[in-house]
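Enquirer: Sequence lines, in order, name chains Z and C. The numbering of the first sequence is this note's numbering, which starts it at 1 and goes up by one. The numbering of the second sequence is this note's numbering, which starts it at 1001 and goes up by one.
Since the hints were derived computationally from the structure, they do not count as laboratory data. If you're wondering where the values come from, they're calculated on a predicted model, not measured in any experiment. Take the hints with a grain of salt, since some may be wrong.
Stretch by stretch, here's where chain C covers chain Z in the computed footprint (C-beta under 8 Å, at least three residues) [said to hold, decoys possible]:
no.	segment
1	61-67
2	334-344
Lysine-lysine pairs mimicking DSS-like chemistry, simulated, CA-CA at most 30 Å apart [stated by the list, open to error]:
no.	chain 1	residue 1	chain 2	residue 2
3	Z	Lys340	C	Lys1263
4	C	Lys1116	C	Lys1329
5	Z	Lys340	C	Lys1425
6	C	Lys1329	C	Lys1272
7	C	Lys1481	Z	Lys340
8	Z	Lys64	C	Lys1390
9	Z	Lys338	C	Lys1471
10	Z	Lys60	C	Lys1307
11	Z	Lys71	C	Lys1329
12	C	Lys1307	C	Lys1116
13	C	Lys1022	Z	Lys338
14	Z	Lys338	C	Lys1031
15	C	Lys1481	C	Lys1468
All residues carry an ideal CB built from backbone N, CA and C; glycine is no exception.
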Amino acid sequence: MSNSHAFLNDARPTHQLMMLVCLALIPGAAAQIHFLGWGILINLFICAGTAILAEMLILKLRNKPPLETVKDNSALLTGLLIGLAIPPLLPWWMSMVGVGFAIIIAKQIYGGLGFNPFNPAMVGYVLLLISFPVEMTAWLPSPDLATATPNIIESIQIIFFGQTSSGANIIDYQKLADGFTMATPLDHSKTAFSLGNMTSEIFQNSQFLKGTDHWFWINLGYLVGGIYLLISRIIHWHIPVSFLLSIATCSTLLFLIDDQNYLPASFHLFAGATMLGAFFIATDPVTASTTFKGRIIYAVLIGVFVVVIRTFGGYPDAIAFAVLLLNIATPTIDHYTKPKVYGEKIEVKVYD
Amino acid sequence: MNNPMNQLVSKSIATDAQYRIKGGIHPQEYKSLSNQQPIASIQEPPFYILPYSDLNKGSTTTNLEIAQPVEQGQILINSELANLSSVVHSPCDGVIADISEFDLGHPSGLEQPAIKIQAMPKSELERSAHADSLTDQIDYQSLTNEQLIKSVHQAGIVGLGGAGFPTHIKLSAPKDSIHTLIVNAMECEPYITCDDLLLREHPQSVLKGALIAAKTVSANRILFGIEDNKPEAIAALKTAIENYFDELTSTQESLEIKIIVAKTKYPSGGEKQIIELLTGQQVPKGQLPSSLGILVQNVATLEALNKAINQRQVMTKRLVTITGNLVGKPGNYWIPFGTPVSHIAEQLEVNLEQLACFIFGGPLMGTRHSNLEIPTKKSTNCIIFDSAYKTLEYPAKHQECIRCGECELACPMNLVPQQLYWFAKSQQWEALEEQQLFSCIDCAACSYVCPSEIPLGSYYQFAKSEIKDIKNKQIKSDLAKARFDNREKRLARIKAEREEKRRKAAEARQLAAANKTNDPDGKKSAIEAALQRVKAKKENKP
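Excised from the complex, chain Z in its bound form (with noise of 0.2 Å):
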């Protein structure tokens, strides 16, 4: 007997991929857990645990081995993803809610790990994002402004009770010290520029300065893992680099125009999930542009959505809705974008 191809392969598999992906988000899961509570590492489980039985139960239904299928882990990732893009007390079936919609609808009845369109993680975060506006902007202040702070017990109270054995419930944990609540300074920033405030004005302000110094710390995490993800040539520049180049063309440019109505690249670099979307969400393979100059592309027009939404837009962040926009363009992306063949634009020389 023979076989036309010897087969060689020596590649990082699937599994491992996810695995690392994964474990590259340990620093910025782990600062966002520091600043934010231990809301986020309940939010981490139960989101990672919905994740993988979802995926099972519709392998199960789809006559697929769900055991051998849910190890690529990448509905462990998907968990993760949204785990960490969701506020720290949310709910507990609210994140069920937006996991479960991400796996089953998003991901698997598409067909599962390498046919979906869209981004699951961010399909299932925008679904929880409309559905429940108020509950996904309840984000905690840093602690050394709030005025309390949930321990585990009171974090695991909230989640599944809505309020803690002493009757605190979430709102207390947003009061800061002078009796205001205080969102992500993205938000804030949203709403004190709809009140007329200046930019000048906005970094004036110690609290949201203190915020902003939290967010900017958690996005430090997420740009050390997406440096090692790098490093190992888990993800390439292409997408991260020029994701990152266009947010701060963009904001700067707005920012040259009118320095006292737009906030600086700095500032847009680090808020909100502007490092976790960097390395870890626009460059999911799956829903990405593949070609060299397709990922340039769509991860510039990301960028370029990314502060348009967040400067004019309703929502005070926008990667999930860029992302899902440049989903739906890949295709058409991945199409004007083919790499010129080996010969096919050399031009005949003619020798004689």
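Knowing the structure of chain Z, use the given hints to seat chain C on it.
Expert: Just chain C, lined up with the frame of chain Z:
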């Protein structure tokens, strides 16, 4: 040494490659397994199995009969000079044991026509004059190009780099169309070291072969392309070239000879890749290297060419790398074509107990086999017996493509392999052709880097053969349709003719019937006829 050309060239015989190729991979080399030992020979096998033709096109056999004695070097299968096939010679003295179909390792499992020869060594006295005539020394410089090409054809030389393309066809390029001969010594695939060893031990022979090839196509430049992982071969070749220039007289036509050393990277030895590495040019799509004025020949082919022209030896054996961790005596051996793998395995102490399958060729472009009775062919440059290959079939189950794009980065032809995969999987043949499937050089770099372990190369091979099949069927059905249309036309014509005939006959009958009613007993017409005759007689009289 007063030739300015000499000095110019001698100064920088070896230079680093100026150009790069896209993509490529760096698999572990495993070359030291087989390149530490000098070239050797193995004992002759008891019998040989010789395929009619490696290319299986247009060959005609001489009228061989079973039990017919044959001599070493005797032509068994002849072919026309213009045909895309090669002459096959007997590798031994012996008798024809069988002419039938054998498993020659075709992936479909189909048996193919071949000749089995039982070896019967003759004593020197028994040898006929036939063998002696081949020992005449001749100077290739005195031969015309036509004579050279004819000799190459008669020696049965094909490209030994792997593709097995008949060399005489390549050398028959139109006059003055070629200016550069590229000698492919890259040997970029893991495990294989036969070109490396050939250059280390017989650099002069290779160089002479190159000079003959260059003369045949009137090239004035010879570029040796070699990877930097073969320093010994580079040094040996350099010395050979230097010696050649020392011997060169000033009467010699100007000829530039250079060694270009490229960074080790697979597949720099692909024909299109070596051209780009050495000249910076890409062969235009759908054209041959000759469109750039370039001819590419493999090291081993040139060595065979030298033997054929300078020593009048026909090609009945080649250097084969026998390697892998299951081989007791790995190395490079002169192995006659048609030697069964089982004989090689026995001679070189292959651990057959642990052997699941063996590979003909390299681990990327080669083929897996499990039948030890298949013979080596002209294109067999390497046989790997390694425990790493645990099954004949690679894992049939692979994970889904996650569009990671690694294959695209690895593709030396700048294709989008994952896109090809989707189309191949859904059997969208037209889309595949649009995506330039036929630019794929089967290097399998994509399979190597795929995290989902998809045997992409295998998908493309399948798609290519399916598309070719469909096209052949299309041609056949077009022919059949044309035949059918012609038949319909012919039938219609015959019918019309018959109709016409019938109509005329009917008219005649009607006329006859009408005459009958006017002249019931025929008297009237008889009188009429008589009167006519009389009238004619009268008129004829002067």
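Enquirer: Against this structure, judge whether each hint is valid.
Expert: The hints, checked one at a time:
no. : hint                     : verdict
1   : 61-67                    : violated (count 0)
2   : 334-344                  : holds (count 8)
3   : Lys340/Z with Lys1263/C  : holds, 24 Å
4   : Lys1116/C with Lys1329/C : holds, 27 Å
5   : Lys340/Z with Lys1425/C  : holds, 23 Å
6   : Lys1329/C with Lys1272/C : violated, 35 Å
7   : Lys1481/C with Lys340/Z  : violated, 39 Å
8   : Lys64/Z with Lys1390/C   : holds, 26 Å
9   : Lys338/Z with Lys1471/C  : holds, 26 Å
10  : Lys60/Z with Lys1307/C   : violated, 66 Å
11  : Lys71/Z with Lys1329/C   : violated, 42 Å
12  : Lys1307/C with Lys1116/C : holds, 26 Å
13  : Lys1022/C with Lys338/Z  : holds, 15 Å
14  : Lys338/Z with Lys1031/C  : violated, 36 Å
15  : Lys1481/C with Lys1468/C : holds, 19 Å
Checked against the numbered hints given earlier, the structure breaks hints 1, 6, 7, 10, 11, 14 and satisfies all the rest.
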